[in-house]
Amino acid sequence: MTGGLRGAAAVVGVAESDLGEVGPDRYAIDLAAQAAAEALGEAGLTTRDVDGLFCAIAGRGMAPLDVAEYLGVRPRYTDGTMVGGSSFVSHLHHAALAIAAGACEVALIVYGSTARSDSGRGRLAMGPPELPSYEAAYRPRMPITGYALAAARHMHEYGTTRADLAEVAVAARRWAMLNPKAFARDPLTVEDVLAARVVSSPLSTLDCCLVTDGGGAVVVTSAARARDLPRPPVYLLGAGEAHRHRSISQMPDLTVTAATESSERAYAMAGVGPADIDVVQLYDAFTINTVMFLEDLGFCAKGEGGAFVSGGRIAPGGDLPVNTNGGGLSYCHPGMYGIFTIIEATRQLRGEAGDRQRPGAELALAHGNGGQFSSQVTAILGTERTL
Amino acid sequence: MTELAPHRGYLDRLAEGTVPFQRCTACGAAVFYPRALCPACGSTGLDWSHSAGLGTVHSVSVLFPRDAPPYPVVLVDLDEGFRVMSTVVDVPAEQVRIGDRVRAHVEPDGPRVVFTVLTGDGEGSRA
Ligand SMILES: [Zn+2]
Numbered sequence: 001m002t003g004g005l006r007g008a009a010a011v012v013g014v015a016e017s018d019l020g021e022v023g024p025d026r027y028a029i030d031l032a033a034q035a036a037a038e039a040l041g042e043a044g045l046t047t048r049d050v051d052g053l054f055c056a057i058a059g060r061g062m063a064p065l066d067v068a069e070y071l072g073v074r075p076r077y078t079d080g081t082m083v084g085g086s087s088f089v090s091h092l093h094h095a096a097l098a099i100a101a102g103a104c105e106v107a108l109i110v111y112g113s114t115a116r117s118d119s120g121r122g123r124l125a126m127g128p129p130e131l132p133s134y135e136a137a138y139r140p141r142m143p144i145t146g147y148a149l150a151a152a153r154h155m156h157e158y159g160t161t162r163a164d165l166a167e168v169a170v171a172a173r174r175w176a177m178l179n180p181k182a183f184a185r186d187p188l189t190v191e192d193v194l195a196a197r198v199v200s201s202p203l204s205t206l207d208c209c210l211v212t213d214g215g216g217a218v219v220v221t222s223a224a225r226a227r228d229l230p231r232p233p234v235y236l237l238g239a240g241e242a243h244r245h246r247s248i249s250q251m252p253d254l255t256v257t258a259a260t261e262s263s264e265r266a267y268a269m270a271g272v273g274p275a276d277i278d279v280v281q282l283y284d285a286f287t288i289n290t291v292m293f294l295e296d297l298g299f300c301a302k303g304e305g306g307a308f309v310s311g312g313r314i315a316p317g318g319d320l321p322v323n324t325n326g327g328g329l330s331y332c333h334p335g336m337y338g339i340f341t342i343i344e345a346t347r348q349l350r351g352e353a354g355d356r357q358r359p360g361a362e363l364a365l366a367h368g369n370g371g372q373f374s375s376q377v378t379a380i381l382g383t384e385r386t387l
Numbered sequence: 388m389t390e391l392a393p394h395r396g397y398l399d400r401l402a403e404g405t406v407p408f409q410r411c412t413a414c415g416a417a418v419f420y421p422r423a424l425c426p427a428c429g430s431t432g433l434d435w436s437h438s439a440g441l442g443t444v445h446s447v448s449v450l451f452p453r454d455a456p457p458y459p460v461v462l463v464d465l466d467e468g469f470r471v472m473s474t475v476v477d478v479p480a481e482q483v484r485i486g487d488r489v490r491a492h493v494e495p496d497g498p499r500v501v502f503t504v505l506t507g508d509g510e511g512s513r514a
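Residue numbers (our numbering), protein chains in the order written: chain W, 1 to 387; chain F, 388 to 514.
If you are wondering where the hints come from, they were derived from the structure by calculation, not from laboratory data.
The C-beta atom is built at its ideal place from N, Cα and C for all residues, glycine as well.
Take these hints with a grain of salt, some might be off.
[What the hints assert, rightly or not] Restraint-style ranges between C-beta atoms, simulated for each label pair: (1) F/431 - W/132: 10 to 20 Å; (2) F/476 - W/304: 33 to 43 Å; (3) W/42 - F/398: 37 to 47 Å; (4) F/423 - W/191: 29 to 39 Å.
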């Protein structure tokens, strides 16, 4: 099955909703709908064409039912896979599988969140815990403490420094300064990051992603149908998924994520390797994410991520453009960022990324992360020439 | 024996002042948190055991709340072969180090298991 998946489906429409802070009167599902309408619009399609629905909304256990009803979509294939921020890259994989199997033809992947506005109006995104916790009594602040424990161990084992982590935040900000839609666009220095208040050591406030509102949508269809639609198709060439823990105390090795497995599967399906990738969009919930994912995705050896991100290598003008939209650190982060990795990868491959465009980008990697370094999903996307 | 209510079994043993974990009768794995089947091999043969309470700090993060003193959150590898999240209570938060040898104590009201740092010649706060 997966042998035939390479290039079988393509992204034909992408959009964000309004981002940043949308105010108290708009709900997550409103943003999802706004993004869906725009993504379908640029694909030359309507909600009537959608027969496959893929979505996740934090705190909504039956999000696909909420969204389908709201949009008036009547799906014959539905997937509400909820693996945190990696959900939408997982949805992209599942959509391609469903399209290749003939279970649906036009898949809508959609997300919305008002995480920023919610904090001002007492709306709670999450209900009470449903499972016993063997961590909560020790008052970790999640998710940051989970990532902080991994960062501390990475620093201990490999000599990674806080300055290395700060380089990640600075690179993200420099990309954000080229993206008019980014939330945080003021200049940022390594010294600023190091001087910021430490929340859960070794991570400071500026090692953490933003909290914004925002939604996104991605339209996927068969390669055959994609060629009749207005925008250049962006083909899914490979995808892979993996997860091996939920709680940080159950992570088999704090310095190695399951992205090693998810990316291996994606590269194998796509028939490419890290050296072939022109642009990388990965889920940077915290600065340590970028360091560990660049290792686990094969762009450098384990333990060398800190050195790899130094000296502007992943910033504008560097060798490897990473998170060209500004990432979760500086562009937007509504809680489950994964869908924005697909949106930016698509824009780069269409040559639509404006001042932040990587000239001639043909192959992009989009990587989603969910939980606390838990769920890892890798997608490799390419232009028509890469088929 | 098969444990159908592992969290209850854990709390009951914790209340007795022990640091409980499970040992798989099929593959020998130390299992924590408590479960109804072994995550290493799938066997439902899990026997309760308790740790001698000695372990090593595998990672540490110090939290700095705006309105309260800093405190450490640690991951501790117990010598029996399982890892727990916990905190260290007898030294200033910023003095806890990866590699520190620590001893478990059951706090009855939590209920929870916390740790103190072992010095070279036994118990006591590090200078
Ligand atoms: Zn076993």
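Take the C-beta atom of residue 431 of chain F and the C-beta atom of residue 132 of chain W, compute their distance, and say whether it sits inside 10 to 20 Å. holds (19 Å)
Just to be sure I understand the hint, the distance between the Cβ atoms of residue 42 of chain W and residue 398 of chain F should be within 37 to 47 Å; is that true here? violated (55 Å)
Do the Cβ positions of residue 423 of chain F and residue 191 of chain W conform to the proposed distance bound of 29 to 39 Å? violated (52 Å)
Residue 476 of chain F and residue 304 of chain W, beta-carbon distance inside 33 to 43 Å? holds (37 Å)
The structure fails to meet hints 3 and 4 from the earlier list, while all remaining hints are met.
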